[in-house]
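K.L.:
The lines below spell out each chain.
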Amino acid sequence: MRIHPAKLFLLQILVAVAVLAFWQVGATVPIGGDYLLPEFFFSKPWDVIARVYQLFATGTIWKHLYITLTETVLAFVIGSAGGIVIGFWFARKPTVAAVFDPYVKMVNALPRVVLAPIFMLWLGLGIWSKVALGVTLVFFIVFFNVYQGVKEVSPVVLANARMMGMSERQLFRNVYWPSALSWMFSSLHTSVGFALVGAVVGEYLGSSAGLGYLIHQAEGVFDVTGVFAGMFILAAFVLVIDFGVTRVERRLLVWRPQPAGEQN
Amino acid sequence: MDTATARKPATEPPPSVAAAPVAVALDDVSISFAMKGQPLFKAVAPTSLHVREGEFVAIVGPTGCGKSTLLNATAGLLRPAGGTVAIFGEPLSGLNEKAGYLFQQDALMPWKTAADNVAIALEIGGTRRAEALAQAQDWLKKVGLGRFGDRYPHQLSGGQRKRVGLAQVLVRHPKILLMDEPFGPLDAQTRQIMGTLLLRLWAQDRKAVMFVTHDLEEAIALSDRVVIMSAGPEARIIGDFPIDLERPRDTAEIRLDPRFHTLHRQIWDQLKTEVAKTYGEDMPS
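First to last, the protein sequences are chains S and Z.
Under my numbering, residues 9 to 272 are what the first sequence spells out, in order.
Under my numbering, residues 4 to 288 are what the second sequence spells out, in order.
To be clear, the hints were calculated from the coordinates, so they are not data collected in a lab.
Fair warning: there could be bad hints in the mix.
Here are the simulated lysine-lysine pairs, DSSO-like style, with alpha carbons at most 27 angstroms apart [what the hints assert, rightly or not]:
id: 1; chain 1: Z; residue 1: K145; chain 2: Z; residue 2: K178
id: 2; chain 1: S; residue 1: K101; chain 2: Z; residue 2: K39
id: 3; chain 1: Z; residue 1: K101; chain 2: Z; residue 2: K145
id: 4; chain 1: S; residue 1: K159; chain 2: Z; residue 2: K39
id: 5; chain 1: Z; residue 1: K101; chain 2: Z; residue 2: K178
id: 6; chain 1: Z; residue 1: K178; chain 2: Z; residue 2: K144
id: 7; chain 1: Z; residue 1: K101; chain 2: Z; residue 2: K115
id: 8; chain 1: Z; residue 1: K115; chain 2: S; residue 2: K159
id: 9; chain 1: S; residue 1: K113; chain 2: S; residue 2: K159
Just so you know, these numbers come straight off a predicted model, no measurement behind them.
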């Protein structure tokens, strides 16, 4: 079942147009004296677009985007580094893994949002409390994947590498490390996404800048247009980051067979 | 027929290697596995096998009879429960550094290209990367994959991956070549092509080869000596036959040779009862 790219694009645009048209009509055309989508609660598409334009035109948005991006990147980098180190350590030292197992499970079971107030107390309202929240989310994803990646190295590949005469260090570089990385990268979308979630939720709960702050501020004064504009920018921001991650992933996992259905 | 008479022909190895030093000496080697909640599983009963330098020995037996375990003991990947393993007269401790091992399953590193997979075998020994890559390219050419160096394993067919594996093992020039049903997963035609390729490469420097297979025809076509193992547990060698077909051989054509049939029948006749007995318990038909 193939669909021509131009036709596909047209259909995708059509969906957006239909949704926006429905929204515009619902907000501006009264049906039996009532609005289907009252402007107070839903705003109007055109207003939202105008607000988004205004945010970019005045340049106020850049500061918020920059803050959120910084928090996301820091959360991702720190969380991944921690996950890789601890993941390797636990995978190579089963005793350590066994000792810490219940605690890892316990902390991982905790909904991370409840940690936000603690981080805010400890680290203040600046970016670090948001980074910390993102780290707790990213860390566990990377940790579990690296742990699995090291554990699931094919015993045959390992035996073959040993027979070649690889030392422990060479095994690490040529076998364990690439295997662990491939597992980590396969969850790249999830971990980058969670880093962003940590940043935005953190901002939402208390901050002075960032996309989460922007949305929270608008909500506080019943500025629905502002909320929708913030959401729209956030969604676009996520798409841009996701696009970047996909590009990185393609480069790094070139040795992997493409999953069926994604072949072009 | 008892073990002693079956092993008798082995005292007369092919004249070309009769005087060569012993590369692999397994003496009374037995292998057991400890399994949870069960008595010790004795995979291989005390078994002796000597392979001389330049000798191509095929080990034949039903699937799961412990022939791979014997190979792993020779490689040093597995410690025997009893007996001694000596490599060129030296008792083996740790991994067998003189041996190259071609595994039955895919053993290539999937994250490295074919060329890198071969080159790494040299690089870990300290060869400079450029030099290692040049030699890797040479070997890929020898196995007929000169143009496939930049492919990743998943972009190659099963037969091609085996060729890369062969190049990866041979690029280090091991004195002993251990092969565990290397062509098992391939189709019949590819197996014969791989067999001929293996013999051609082997003829250049005649390493000692231990080639495990469950295919008696393949064993006769390739080897100087066919060793038959019984089904496990407590597998043992139940036959040892010299194969005096002249070399070089084409593994496909040799099967049409009347002497091939004579040998095949001779070995089969002598072993039929024993093998039927051991196969009978494990084989569905």
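K.L.:
Hint by hint, say whether it matches the structure.
P.N.:
Each hint, compared with the structure:
| no. | hint | result |
| --- | --- | --- |
| 1 | Z:K145 with Z:K178 | holds (19 angstroms) |
| 2 | S:K101 with Z:K39 | holds (22 angstroms) |
| 3 | Z:K101 with Z:K145 | holds (22 angstroms) |
| 4 | S:K159 with Z:K39 | holds (21 angstroms) |
| 5 | Z:K101 with Z:K178 | holds (5 angstroms) |
| 6 | Z:K178 with Z:K144 | holds (21 angstroms) |
| 7 | Z:K101 with Z:K115 | holds (24 angstroms) |
| 8 | Z:K115 with S:K159 | holds (19 angstroms) |
| 9 | S:K113 with S:K159 | holds (18 angstroms) |
Of the numbered hints listed earlier, not one is contradicted by the structure.
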